[in-house]
Structures are given as C-alpha cells and as structure tokens.
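Protein chains: 4
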Amino acid sequence: MNYIEVFSKIYYELEVSNDPGKVASYIPELRDVNPDKFGVHLTTIDDDHYEFGDSDEKFSIQSIAKVLALVLAYKLEGEKLWKRVGVEPSGTAFNSLVQLEYDLGIPRNPLINAGALVICDILVSKFENPKQEFIQFVRKVSDNPDIDYCSRIANSEKLAGYRNAALINLIKSFGNIKNDIDVVLDFYFNLCSIEMSCKELSRTFLFLAAYGVCPYTNEVIISVSKSKRVNAIMQLCGFYDEAGEFSFKVGLPGKSGVGGGIVAIHPNKYCIAVWSPRLNKKGNSNMGMKFLELFTTETQASIF
Amino acid sequence: MNYIEVFSKIYYELEVSNDPGKVASYIPELRDVNPDKFGVHLTTIDDDHYEFGDSDEKFSIQSIAKVLALVLAYKLEGEKLWKRVGVEPSGTAFNSLVQLEYDLGIPRNPLINAGALVICDILVSKFENPKQEFIQFVRKVSDNPDIDYCSRIANSEKLAGYRNAALINLIKSFGNIKNDIDVVLDFYFNLCSIEMSCKELSRTFLFLAAYGVCPYTNEVIISVSKSKRVNAIMQLCGFYDEAGEFSFKVGLPGKSGVGGGIVAIHPNKYCIAVWSPRLNKKGNSNMGMKFLELFTTETQASIF
Amino acid sequence: MNYIEVFSKIYYELEVSNDPGKVASYIPELRDVNPDKFGVHLTTIDDDHYEFGDSDEKFSIQSIAKVLALVLAYKLEGEKLWKRVGVEPSGTAFNSLVQLEYDLGIPRNPLINAGALVICDILVSKFENPKQEFIQFVRKVSDNPDIDYCSRIANSEKLAGYRNAALINLIKSFGNIKNDIDVVLDFYFNLCSIEMSCKELSRTFLFLAAYGVCPYTNEVIISVSKSKRVNAIMQLCGFYDEAGEFSFKVGLPGKSGVGGGIVAIHPNKYCIAVWSPRLNKKGNSNMGMKFLELFTTETQASIF
Amino acid sequence: MNYIEVFSKIYYELEVSNDPGKVASYIPELRDVNPDKFGVHLTTIDDDHYEFGDSDEKFSIQSIAKVLALVLAYKLEGEKLWKRVGVEPSGTAFNSLVQLEYDLGIPRNPLINAGALVICDILVSKFENPKQEFIQFVRKVSDNPDIDYCSRIANSEKLAGYRNAALINLIKSFGNIKNDIDVVLDFYFNLCSIEMSCKELSRTFLFLAAYGVCPYTNEVIISVSKSKRVNAIMQLCGFYDEAGEFSFKVGLPGKSGVGGGIVAIHPNKYCIAVWSPRLNKKGNSNMGMKFLELFTTETQASIF
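Protein chains in written order, with my numbering: chain R, 1 to 304; chain H, 1 to 304; chain B, 1 to 304; chain Z, 1 to 304.
There may be inaccurate statements among the hints.
No copy labels: a pair is met if it fits in one copy or bridges any two.
[As the list claims (entries may be wrong)] DSSO-like cross-link-like pairs, simulated, lysine-lysine; straight-line CA separation at most 30 Å:
| no. | residue 1 | residue 2 |
| --- | --- | --- |
| 1 | 9 | 178 |
| 2 | 269 | 83 |
| 3 | 75 | 58 |
| 4 | 80 | 281 |
| 5 | 158 | 131 |
| 6 | 9 | 80 |
| 7 | 75 | 37 |
| 8 | 158 | 83 |
| 9 | 140 | 281 |
| 10 | 290 | 9 |
| 11 | 158 | 281 |
| 12 | 22 | 140 |
| 13 | 126 | 158 |
| 14 | 58 | 83 |
| 15 | 282 | 126 |
| 16 | 178 | 37 |
Hints listed in this document are in silico derivations from the structure and should not be mistaken for laboratory results.
Make the full structure from the sequences, and use the hints.
Spelled out as structure tokens, the structure:
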C-alpha cells in the first residue's frame, strides 16, 4: 500500500494549525516547541519506510521511553517483575495516589509514573551505572549510536518534579523502592529526556512488531511471549485515562508522551510514530491520536 | 490445527477438581451448580467446530450477555451512545461508586454493571417490549430459536440485587436513567439470566470474529468498524479488575460471567467459549482463564 | 442579658436581603419559600424567651429532625446502637459512598443521610407504627401536641429521593438495613418533612441544654451521659462538610437543615433556633451561620 | 475536688499492664519506652496541681506540639492563615492523599500531618531561625527554660519519614509550600521531637483553659477568640480518625501524640495531661483515652 498518499490525505484533512490543543508548558523546553510541527514515520517489518512532514526532527519522547525501560527490566527480571508492579489499567488519574495506598505501594502498571519509578528502581539495582547501561540498550535496539539523553530537559523536569517526588516517597514508605530516592529520580528524569525523531522512534520500537527480534541485527531483544505481553500492556495502559479511547478508535497497542509523540505497533506488520506537540485535556497528542484513528480506518487495519 | 488434542492436553494439566476457586454463591441457582463441570467449544469463521467436555450443557451466561445488549444498543444508537457511557477501563471495583460520582453519573464503560444498566435503559426506551425484542435479537445472532431467559434465575437476582439498585438510583439521581427504575432492573436481571451452552456461546459470538457479519445467515449484525470497537471494549473492560491480566496472559478480547463462562474472540479466526464454574477472587472463572492462557500459548496465537 | 437588643443589632448588620445564598430548589415546597424570611428564638433553661422576626412561622426543619430520631433510638437501644452507626465526622460529601463501602455499610455518624437511614431502620424495627410513635415522642419532648409531618413535603422528597434510595440499597447490600426499603424510606421522608417555627424548635431541643430533662414536664427524656453524647455528635457532625467551620466560628453544638433552620445548644444555658432560607454552597443557612457567629462573639459565650 | 483520689481509683480499674495496645515501633526511641509507664498531671487555672504516677518523667510529645505551632502561626498570621489550611475534620486516614488532591493542596486542618507541614512552612517563612524561635516561644508559654528538642528522635523521624516527604512534595506541587522542602521537613521533625513530662505538658497548655492568657506571667499568648478557636479545632481534629470517639466519650478538646501522651482542656477550669505509651489501632494512647473517659464521667464535667 502507498502509505505516503494516505499520510498526505489525512494530514490535509486534519488542519493541524487549527488544533485547539495546548503544548505542554510545565517546563520551558516543551513550552517553546513550535506547535505546528507534524511528522510521521512508518517502518514495516521488512524495513520498508514511509515518512511525511517533520519526521526527521528530534523531539522529547518523554513517557514513550517508559516502554523501553519496561522491556529491559522485564528481560532481566522475568516474571518476578510482576511482584512489584501490576498489569492493570489505572482508571482515572484522580485516583492515582489513593490506588497506591489501597494497593500498598504496588503501582497498577509499569507505564504510569508510579510504575515507571519502580521499574527505574529495579534498573538502578541491576547496574553499576544505570544511565549508561540503559542508553546503550536503547542504542542497540534502535541500531543507532546517536540516541541520547538531553541533560537540559532532565534538569528542568527535576525542578518541576514535586509530584513524582511525592509518588516515589509514598512508594518507598511501603518498601517498594529499594534505592536512594535521589538516584532513582535522577535516572527517571533522564529516561524521560531522551530525544528521537519519528524515524528513530519507529525504527526503535519495530522489534515489538517483530515478536521481540531486532530486525536490523536479528538479535532477540526479548522473547515472543514477553514481546506480546509488552504490547498487551501498551494496549491497556499506554494512554493514561484514554487507553480505552485509543483502543476503541485506533485499535493498536501504543504509547504517548507529553512531548506530543505517539508510537503504535501493528504486530507482524509495522511500527508507526507520529509527532504533533499540541495535547488534548488528557495529555495525549490531539492530532497524533486523530491521525492514527483516520489511518487505521483508511487502511482498514487494526488488531481487532 | 487439531484443537481437540490441545484441549485435551491442557485439560489434564489443569486438574480442574483441585481448583481452589469458589462457585458464586449469592443466589441458589449458581451455588448449586456442579463445580467440576468443564466445557470448551471453538467455532472458526469457516464454521469448523472443536469441542471438549460439557460443551453442550447450558449454564447461566450472566454478564457475557452485556456484550449482546451493547451490540444491539450500539447498532440502534450509533456513536451518540457514547454520550451516556464511556469506553475506559474502570480501575478497581473499590472505586466503582466514587467514579460514578466523579464522572457525574456517566459509567466508565458498558460492561461494568453501571454501564450495562444504562444500556438496558436505552433499550427500554427503544422498544415497546424490550425483553421480547432482545431475546429475538439474540436468537437471530445465534441462529438458534431455543435461546431463552431463565425466570427463576432472574427472580433470584432481583432478590439479591441491592447493589445494582444502589447503582441505578445513583445514576438516576444524575439524570442518566430515563425510564422507571423497576422496569430497567427487571430487564437487566432477565438479561443476566440467559442460559447457553459453550457451543451456543461460541456460535452466538462468532460474528465478532467475522467483522460483524453473522456467518450462518450472512446478515450484517453490525458494521466492520462497530464490530472492531466492540472487540476493543471487551479487550479493555471485559474482566473487571483483571482486564489487564487477561490481555497480558491470553491476548484476546473476551468477556466473563459469574456463572463461570468466558467467551473470547480471535478476529478473522475463531470464537472460543469455556465454562468452569469455580471463580477466582476477582469473580472470573479460575480454570477458564488458565485454560485460555495455555491455549493461546500452545497455539502461539494472540492478537499481539 | 437583653438578647433581643443583640438580635436586632446583628440582624441589621447582616442585610439578609442581600444574602448571595440560594434557597434549596430540589422540591417545590422549599423552592417557593420567601427567601427574606428571618426568625430567631432563644429559650433559656429557666424558660425565659427571647424572639425576633418571623420566629412564629413554621418551616420545614428537614435534617434537624435527625437529632430527635437519634435521641429516640439511643434511648431505646442504648450503647449497642453504635454497632450499626459510627460517631466520627464524615469528611467531604464527595466521599460519602466510598466511605460506606470502605466501612462495609456502617455509616460514619447518625446525622449524615446514610446514618439517619440506619436510625430510621432501627425505629421501624422497634415500633408497630413508627411514624405515629415518633411524632408522639416529638410532641412530648416539645410539650406541643400540634407538631406534625407535612405529607406534601414528604411526597415531594420521595419523588426526588434517588440518592437516598441509592444509599439505603447500598447499606442493605451490606446487611445493615433490616426492614423493607420502601417502609424505611417512607419513614425517613416523613421525618424530614416535620414543620416547626423557631419558637417550637428552641423549645423542643431545650432538653439537650438541660442534661436530658424536659424543662416543661421535668421528665427525663434521656440520661445526662446520653444527652452530653448527643451534643458531642452534633458538635462534630451537625453541619456536613462545615462542622469544623461552625465549631470554629460559633463554638456550640448544633444542627442545620436545608429548609434554612439551625438549632444550637449552650449546655446548662439555652437553646437557640434561627431560620433564614438561603443556603451557602455547603447546604447550611448562610445568614443563620453568620448570625450565630456574631451572637456568640457579641455575648462572649461559647463552650470553648 | 480531690482529684488525686479519682486518679488513683481509675488507675487501678484500668489495669495498665494488661493493655492490649502496642507501643509505636517505627523508630527505636519510641519502641524502647517502658510500656507500663503511666502518668497524669492536672493543673487548674488557679495553679492548683494534682499528679499521679510517672507524671515527672519526660516523654516524646510528638504531634501534641502541632497545637503549639498552630498557636504561634495563628498569632502571627491572623485569620489569613485559613487561606492555606482548613478547619474541618479529615474523615478517614485512608483518604488523606486523595483529599489533598481534591482540595488542591489545602490540608483539611492544621493538626493532621499535611496541615502541620503547611504551618511549619509558614513559620519557616516568618523567622530567620525557626527552630530557635519556636522553642523560645514554647519555653515562654510553659514558663520553663528547660523544654527542648531531642535531636536523636528528630534524626530517627527523618530516616523513617517517607510518608511525610510524600505529603510535602504533593502539597508543594500545588504551590502551598513556599520554602525548601528539606528545611521545612527538618523543622517539622524537630517539632515532633520535643520532650515534656505530664506536669510540663499540663502547665504548657494551661493558657488554652485560661482564654489565651499565660497564668504564670499574665501575658496574653493569643486573644480570647483565637484561644477558643484553637480549642474548637482540637475538639474536631485532635485525634485523627477518633476525634468523634474522644468527643463522644471524653467531651473535652484535646490532642494526642504517638508517644502515648494526651493533653485535654476544660475551658475556664483546668488542663490535664496523661501518658501511657501503648496505642490503640487508631494511633492514640489506649489507656490515656480510657482514663480521660472515666475521669470526665466520674467528675461529671465535660463541655457538653
């Protein structure tokens, strides 16, 4: 299928510059992004490429990186990982803290902030130098030695990070954080600061469309079963309070970030990454979600 | 694939009679079921059949019927249905009432009790005689004129139904129930009283594996897009607090009932129904879930 | 002290007709009350009387009657009453349903709706004809045979009472309602429909300022200890989410109703009743609370 | 009245050594206290003294100190203090975090941890050296230059203080903490580390029974109105989830600490302090509460 024509057609329908959404504004590095940026990149498991717009421009992938941290922790820990974090959707954001209390410090899933903090704690326990080990893992998966943290963003996140500090202290009060809070938070804020372009994103996550095998190196990143389970978690928990909406309208497992990026997986077919910085009220890229909805409708292809 | 061998192999691994789960006991009709019953029936979209155990014995399908009520209401109302009920997973059961208050009487999704009550209210508004119209719809979908309500079970549900009465009164206090409470509750309790065998269940739900088309009559029950969306809702909301667990381990959209039944859909492939009356702590069939986990592992087939 | 001068002085400070509050509007009988009505009546334990404004006009005392139901149930049941209802303040209204779930159907205190419903259930269990027995008790306490229910108001309450129906069904699902729901609700809605003037109110509740003894008949209504405990419950739970505010500013135990009435007790001194129909956002009489704040400031008399 | 005889009589009824409660164990300094310790000291506003048992032995007053911090902040800030903290009881402990979210970072009252942290933040803003200024204030109020912090306890609290760190970070994320988190927490943990005997406690808090005037120096600590309001806050919020229970059974404003101390005020009469280290499930001194219940029953004296 000629995806580029589909991209182009949908893009002109969307009228991105009239998007009523708002760019994330809690740190200057996100606030100052040009809100009209728009990029798409689709990579098939046979390494065919389709791109459109600002698909080569790097942006802050933010929470999308949590999936990669999950993959690495799951690979290293196996199923005993699930003693420290659940696999259930989280319900409303409103309930995040009360649920943590109700569940005695076990976050509902690894893709909400609380869960990602526990994943970071696990990686901090595993490695002497977790930041370095993690970025090397990402570079390997993406077959790209240039992927890196952005220390300016990591620092800004730290200055605005009182809510994450509240979460990690609460989890630690239940004993589910083993390391020093400042070390784990530093790793977490670096994780969220990684920058990629749509092209890099879709290449990096392609192994989840290929049952865990990196298509560039044929290396097994994680097992078939684990790869499917990571996709299942994205399907149920990848969009905060809008996981249902995304599943309902797009019908693919995916993950969003407040930088305006979304990555979605069609197992055994492709990985697609979209970037549009304005967010809807739930914190997901407004046009990114609409684009993917029209895309799976147009191509009549979803997992359901 | 010879599914029957797979069924048999898994069944002997499970040791159903040692299942630590408990049969539902809030009404006599469920409490008195033989807990060792076990049946499976798989129907492919080409109408091949594979069955095992007590697959021809009728049981109370309970909440599984909510999917059929949703399908009928969605068919009749179209997308404006979603003004009255959401498509998001519900988080913990513990929060059900507080979420209804927080969301001003809009239930999180149509498969939790609160949402199914709103769906019932919609059908009561649509039909002069909703119970009769609904069962005729089910008979048509299942190509089976013998499917019926069980009035004994419906009456028992009514006598034990204070929690559902609390929910519907709360929703009505927000204006999201339009009809008389007793009429809607009567329809709801009848809906939950429908009895089917595994064979009937897997045949009835096969249209959701066939993109909305009834394979026996070639009639379009609902559109492709609506069929996919119903599957997406089952994926995210079909197992109460365990939707994540089921997605993670089984990897198919599905729906359970407290009678011990589970129906699951592999789009474009098959519909499978399992029955094992003992429930786990979340109210889902304990062996039914385990069976399906081993089945999708063994056959290496899930949507992820 | 010449209380009447104090009443008059405060009344002119208040500018009742500029009150930004709103009259309760969920039933016509409350909505149609003249919002500028204002009355006060203070009765000392020596039976001195001080009145001002519309102090002889009857209005709907609503939730104030819950204190009288509590007194009668406490008198009959003694301390075992507290197995079925707590004595703790309820926190935010927002949490009312979740708290009932968390506390397994035991309402936090007898003055919130949930608790008053349990008190009504207890009285329904005690009497053949609870409505008649209760009104006779109120007539005895008030030394006034004319006090009565208003059936028009009770009927209107019933038609608007979905939230109370939700509460009582939820409590019944936990087993803490023993009688038929419709019978208990009928008693409850009648209880809330009682009409009194400020004069009648302050005379009726005077026994709580007199350590449980009815000053007109010298009959012991309840023991000293029980009388003090009822005052303590009013102090902590008498004003919904504003119990703290009332304690802080007025410093007396009291109880409000959505009809705009407030009754407050100065133990061993007096009982005062105020009526001003406009309510603040928490559902308490706006000018009634302000009047009592200025009154205890002016007379330098509170229990603290 | 000869209070000492009453003390003695009640003490022998209580059988302190059979108390099923548990000494606080989250820090070694509290865990290692002799659980059979028991002391009482009552000081009347005329400076009569009645003591019993270990009334001269110092213990950690813990949260009781929050009242003194409130008094100092209220004195300095006046009524604008209430823009940053409420005066309502908090309902269940379970809800503490969700309420803070619901109320956008405004704690329900100044005696729960969240509220005391805001009070500490206010004092940190007011003083160059808040720890020194505060202890001087306490020494002045108590007319006792020996009152001091215990740095060993403060350090232990800090090491176990993840939950308080979670609270203060959450409040800061809403903008209701103005200073550096570590500075405020250091002040808070020191505040909780103050040590006093029952004798010192009852002398220190006597000004709240004397309408704000220090009986030893005749200095006005706070105004009559503020003193009454602090008592009202203690009445509604002084015992966590058991404020209602304490009001109901004891009928005096008071405050407890996890060190096993309780101070209670009878306005215009006396201040009484009790110490018994074993706590009930709500975190209040088990025998301390029972002792005060029997004491106000025996002396027939409560504010209600």
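Violations among the numbered hints, reported as their numbers in ascending order: Of the numbered hints given earlier, those the structure breaks are 1, 2, 7, 9, 12, 14, 15, 16, listed in rising order.
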